[in-house]
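Engineer: Let's have the full structure, built from the sequences with the hints guiding it.
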Amino acid sequence: MKNNRDIRVILKRMKKMNKSLFINTILIVAVSLFSVFSATYQKTYGFFYRELVWTGIGLGVYLVFSFFNYRNYAKYSKVIYLFNIVLLVSVFIFGETRLGAQRWIPLGPINLQPSEFSKLFIVLTLSELLTNKYKNNFRGMKHIVLSGLHIVPIFLLIAKQPDLGTSLVLIFLYCILIFIHGIDWKSIFIIAGAGAAFVPVSYFFLLKDYQKQRILTFLNPEADMLGSGWNVIQSMIAVGSGGMMGKGFFQGTQSKLRFLPESHTDFIGAVFLEETGFMGGLLLLALYLALIIQIARIGSTSSDTYGKLVCYGIASIIFFHAVVNIGMIMGVMPVTGLPLLLMSYGGSSFLFTFMMLGIVQSVKIYKD
Numbered sequence: 056m057k058n059n060r061d062i063r064v065i066l067k068r069m070k071k072m073n074k075s076l077f078i079n080t081i082l083i084v085a086v087s088l089f090s091v092f093s094a095t096y097q098k099t100y101g102f103f104y105r106e107l108v109w110t111g112i113g114l115g116v117y118l119v120f121s122f123f124n125y126r127n128y129a130k131y132s133k134v135i136y137l138f139n140i141v142l143l144v145s146v147f148i149f150g151e152t153r154l155g156a157q158r159w160i161p162l163g164p165i166n167l168q169p170s171e172f173s174k175l176f177i178v179l180t181l182s183e184l185l186t187n188k189y190k191n192n193f194r195g196m197k198h199i200v201l202s203g204l205h206i207v208p209i210f211l212l213i214a215k216q217p218d219l220g221t222s223l224v225l226i227f228l229y230c231i232l233i234f235i236h237g238i239d240w241k242s243i244f245i246i247a248g249a250g251a252a253f254v255p256v257s258y259f260f261l262l263k264d265y266q267k268q269r270i271l272t273f274l275n276p277e278a279d280m281l282g283s284g285w286n287v288i289q290s291m292i293a294v295g296s297g298g299m300m301g302k303g304f305f306q307g308t309q310s311k312l313r314f315l316p317e318s319h320t321d322f323i324g325a326v327f328l329e330e331t332g333f334m335g336g337l338l339l340l341a342l343y344l345a346l347i348i349q350i351a352r353i354g355s356t357s358s359d360t361y362g363k364l365v366c367y368g369i370a371s372i373i374f375f376h377a378v379v380n381i382g383m384i385m386g387v388m389p390v391t392g393l394p395l396l397l398m399s400y401g402g403s404s405f406l407f408t409f410m411m412l413g414i415v416q417s418v419k420i421y422k423d
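Residues are numbered in my numbering as their position in the sequence shown, beginning at 1, plus a constant of 55.
Rather than coming from a laboratory, the hints here were simulated on the basis of the structure.
As the structure is a prediction and not an experimental result, all values here were calculated from the model.
Fair warning: there could be bad hints in the mix.
Unchecked claim - No more than 25 Å apart at the CA atoms, straight line, and that leaves these computed lysine-lysine pairs for BS3-like:
1. Lys-70 <-> Lys-311
2. Lys-74 <-> Lys-130
3. Lys-67 <-> Lys-302
4. Lys-130 <-> Lys-311
5. Lys-133 <-> Lys-67
6. Lys-74 <-> Lys-302
7. Lys-190 <-> Lys-133
8. Lys-98 <-> Lys-311
9. Lys-130 <-> Lys-190
10. Lys-422 <-> Lys-98
Structural biologist: Structure follows, in structure tokens:
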């Protein structure tokens, strides 16, 4: 009897899920699987098989987080925040250094990237802070500074790795959440002015040499075509050569002939656009736009402020990743190392994204 009751509860919750959000997610993952296979099959099938495994695990994670009441994250926000810090600190103790960055913790056959999950943890904890401490009285620079202190330790630990892309995500995420929660226009203009003033300061005093080089390469990639500008130029060639309808699946030359490094990770979008062209690009943009709108709609109909902020925070993460990554492969934004979520190959990225989308479904399921 108990088993039958449990099954009925699960089926009831599944009926409450947003089916469009789930279908949209599966469509993007399907595009990713085709693109990763196309980019790597001539070299190895390993990346494709591993992504299949991560997809299966990710779907399991998606369901688990969908059926777990999202309000519990607010109850244990302090524990989540502390866990976030411990996880990021552990990178400097157990982490592995690659290409001058210490971001990964080796766990047997897999490598965990804590900075990916830290973005979600910040959404969960900052949303709780804004909901319960500030409620409807979030006004003025005092509250901006005090609430901003919440992300400072996380920001500094991630910047120390260094991980410029994730650091920028945190800033964008914070701005979106305080805007959605409610902030006066005077404070908005002050933040905008402070941000504009901070840009040159960060360039000259905070950025590493390779990060400065990425910005210079973005401004003039032809200055070092065989060096720092190589990836961007090859990506632009791939995107441009796709034309209107593309060259067809498995027909792209930039990845096949290995002109395009990291074709299955950061530049997976370039592989897809070369093979499907402008029309394929429109389809991909439509899928991401629909995904973001669906998440925002679930947030806007949430029964509480916490669920609303969590959904908008998750939507802003996906939006920022998509804009920066797509801008990067088209040469209109500098290389930051941010993956195209659900598209780029990577276990940590996949699990983190499925966790986020599962929590969004939880907001929908536990609305009443």
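Engineer: With a cut-off of 25 Å on the C-alpha distance, tell me whether Lys-70 and Lys-311 pass.
Structural biologist: Violated: Lys-70 and Lys-311 sit about 43 Å apart, past 25 Å.
Engineer: Within a Cα-Cα threshold of 25 Å, do Lys-133 and Lys-67 meet the stated pairing?
Structural biologist: Given that 25 Å is the threshold and the Cα spacing comes to 31 Å, the pair is violated.
Engineer: Does Lys-422 pair with Lys-98 here, judged by a C-alpha cut-off of 25 Å?
Structural biologist: violated (47 Å)
Engineer: For the pair supplied as a hint, Lys-130 and Lys-190, confirm whether the alpha-carbon distance does not exceed 25 Å.
Structural biologist: holds (16 Å)
Engineer: Is Lys-98 close enough to Lys-311, meaning Cα to Cα at most 25 Å?
Structural biologist: holds (9 Å)
Engineer: Within a Cα-Cα threshold of 25 Å, do Lys-130 and Lys-311 meet the stated pairing?
Structural biologist: Not satisfied, since the Cα-Cα distance of roughly 50 Å exceeds 25 Å.
Engineer: Between the alpha carbons of Lys-74 and Lys-130, is the straight-line distance 25 Å or under?
Structural biologist: Distance of about 28 Å is beyond 25 Å: violated.
Engineer: Are the Cα atoms of Lys-74 and Lys-302 separated by 25 Å or less?
Structural biologist: violated (33 Å)
Engineer: Check the hint pairing Lys-190 with Lys-133 against an upper bound of 25 Å on the C-alpha distance.
Structural biologist: With a Cα-Cα distance of about 18 Å, the restraint between Lys-190 and Lys-133 holds, given a limit of 25 Å.
Engineer: Take the C-alpha atoms of Lys-67 and Lys-302, compute the straight-line distance between them, and say whether it is at most 25 Å.
Structural biologist: violated (45 Å)
The structure is inconsistent with the numbered hints 1, 2, 3, 4, 5, 6 and 10, although it conforms to all the rest.
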